[in-house]
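Input sequences plus hints: build the corresponding full structure.
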Amino acid sequence: MDSNIALKADHIVKYFYQPEPFEVLKDLSFEVKKGEFLSLTGKSGSGKSTLLYVLSTMDTDYKGQLQINGELLTGQSLNQLAAFRNKHIGFVFQFHYLLPEFNVMDNVMLPALKLKSKSVEEIKEKAYQNLKILGLEDQALKLASKLSGGQQQRVAIARALINDPAIIMGDEPTGNLDSKNSQMVFDIFRELSHTQGQTIITVTHDEEFAHKSDRIVEMRDGVFL
Amino acid sequence: MMLSTNYKIAAVHLTSRIKQTIVALLGVTFGISMYVFMNSFMTGVNDTQTVLAFTALAHIRIYNDGPADNTNLVKKVYGQNTLSNIRNAKVIQYTEGIKNTAAIFNLVRKQPEVIGITPQININVFFRNSGNKLNGTLSGVDVENEDRLFNISTYMIAGKWQDLQYRPDGVILGSGLAQLLSLNIDDNVNVLTSDGVTKNYKVIGIFQTNVANTDKTKAYINISAARQLLAKNQDYVTDIQVNVNDFEKTAPVVARLAPVIPYKVESWQMSNQQLEAGSKLRDIIAKAVSLTILLVAGFGIYNIMNMTINEKIKEIAILKAMGFSSGDVTSIFLTQAMVIGVIGGFIGMILGFIVADIVNHIPFKIGGLNYLPMAYHIKDYALSFIFGLITTLIAGYLPAMKASKIDPVDIIRS
Chain A
1 MDSNIALKAD HIVKYFYQPE PFEVLKDLSF EVKKGEFLSL TGKSGSGKST
51 LLYVLSTMDT DYKGQLQING ELLTGQSLNQ LAAFRNKHIG FVFQFHYLLP
101 EFNVMDNVML PALKLKSKSV EEIKEKAYQN LKILGLEDQA LKLASKLSGG
151 QQQRVAIARA LINDPAIIMG DEPTGNLDSK NSQMVFDIFR ELSHTQGQTI
201 ITVTHDEEFA HKSDRIVEMR DGVFL
Chain B
1001 MMLSTNYKIA AVHLTSRIKQ TIVALLGVTF GISMYVFMNS FMTGVNDTQT
1051 VLAFTALAHI RIYNDGPADN TNLVKKVYGQ NTLSNIRNAK VIQYTEGIKN
1101 TAAIFNLVRK QPEVIGITPQ ININVFFRNS GNKLNGTLSG VDVENEDRLF
1151 NISTYMIAGK WQDLQYRPDG VILGSGLAQL LSLNIDDNVN VLTSDGVTKN
1201 YKVIGIFQTN VANTDKTKAY INISAARQLL AKNQDYVTDI QVNVNDFEKT
1251 APVVARLAPV IPYKVESWQM SNQQLEAGSK LRDIIAKAVS LTILLVAGFG
1301 IYNIMNMTIN EKIKEIAILK AMGFSSGDVT SIFLTQAMVI GVIGGFIGMI
1351 LGFIVADIVN HIPFKIGGLN YLPMAYHIKD YALSFIFGLI TTLIAGYLPA
1401 MKASKIDPVD IIRS
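Keeping their order, the protein sequence lines are chains A and B.
The first sequence lines up with residues 1 to 225 when you count with our numbering.
The second sequence lines up with residues 1001 to 1414 when you count with our numbering.
Here are some, though not all, of the chain A residues that point toward chain B, as calculated from beta-carbon distances under 8 Å:
1. M58
2. D59
3. A83
4. F102
Bear in mind the hints are in silico, worked out from the structure with no lab data behind them.
Glycine residues also receive a C-beta, built at the ideal position from the N, C-alpha and C atoms.
What follows is the structure in structure tokens.
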């Protein structure tokens, strides 16, 4: 496999069984290059989020093959996949999903504490650096629930970056933000992909956001347009 | 380090919703304190019962059971098919009492479990004080050893038990018997045996065991005086009473002695099954009640853990998305259950002790008791703690398993 390929999906087919059998992803194959900033767009029900969750390894109920960084993920156990996500995938969700009872620093550090490849001191240093890049170093010791929506989303990005993942996946990362904060998040993503070679796959409704990214993949009724 | 991360999450969950944690803690605390209290109380009652029972009862009794039913000897010789007609058959008792007691004493004393042994001559007699006649049991006893086994001296309400040793003319009466015969210290009482022998004794003491039946029917004289009364030799004994170090464990001693002693060897459990049944039944009730309480407490924990997990379902999903395994999630929630179990257990043991101590001070003046009985055994406390921990672990395990099975996609997408 080309070492320049971050993610490769091969003939992905997925059915929903409720309320009745329905083919939501119809034999999708595509590749994402390293350092690419890709937007998945499409109307509600087009299957774009479903595809993202298959790519994220969280959804294992599909046919076809999925490779990330040359590693075949299809068929691995849930715990193996959890360990893989921990090391190689960062997530940014629409509703930021921080742990509200932990402070910002702890939230950012959690995936690294789980990974255990560095000492706590190194992780702290790295988390602080990430927060600094995102302009949040002053908020480090605040409770996550005390931050504004835009700040929380930036914390989520800092958390997604903590283990230097191969891919950052975003599910409507700007869906809940005003235009100013959306712009900020977009700028951060572009900065990451262009200057640090970070691969980014986001699902978005936001036309403007999508058009500014490197590559748009539009979906309708389970197929790429 | 991973564990400490899980512990940290568990700690935040516990402290961020302190009220629910306290409610769960109270459930365990209450359950365990009731377990401690109920068991201490029941053990106390059983101990009291045991003490009362063993004022008149030895752990093992050796006695002459009398001959078996030998009235139809013809049948033994000619078999079942022979018709025999024997009317008004009589039993001839060849031996009365126990012969060769010194040898039996030696044999019994050699058993390592035996802590006390005393001979008795028990005679059914009439006690008479002029017009008043009452039948009862006159016990001829070895004064010192009798006291060692039954602590009679502690039940004396008048006179001294030890005086019996030097007073072949003295008798110590049960309080009920003395009252019914209108007798006091230094009065005379006349004793009539079944063989028609009468003899006067002087009342030198009165005892009260609070076992009404004993107090109303029993009197003690020196064993030599008893032999004299029956015109028997200095080896004559009707009963040999034996105490062992653990009254629950009479069976092995009986099993060892019975084949080599040509008399009936009977443990207290055999002769007083109702006592054993009573004590066992109380144990069962206590265990049933306290386990029920623990079960209810367990359901409380189960509910609260379930609520916690429903509240934290998004956080669990995000932890899993970030790469926390099912095992991590289980350990996060089991840790919470464990913390609740351990803290609740400790407070419960302390509260249980306090409740037990309060109840132990409630007056209860029946049957020689002053206060409600209570036992303070480390074993009860340890068991309650262990049961409490097991309950919380089970109650926490089910919701923790549920949490570990949460599918992050379902939660994040909905």
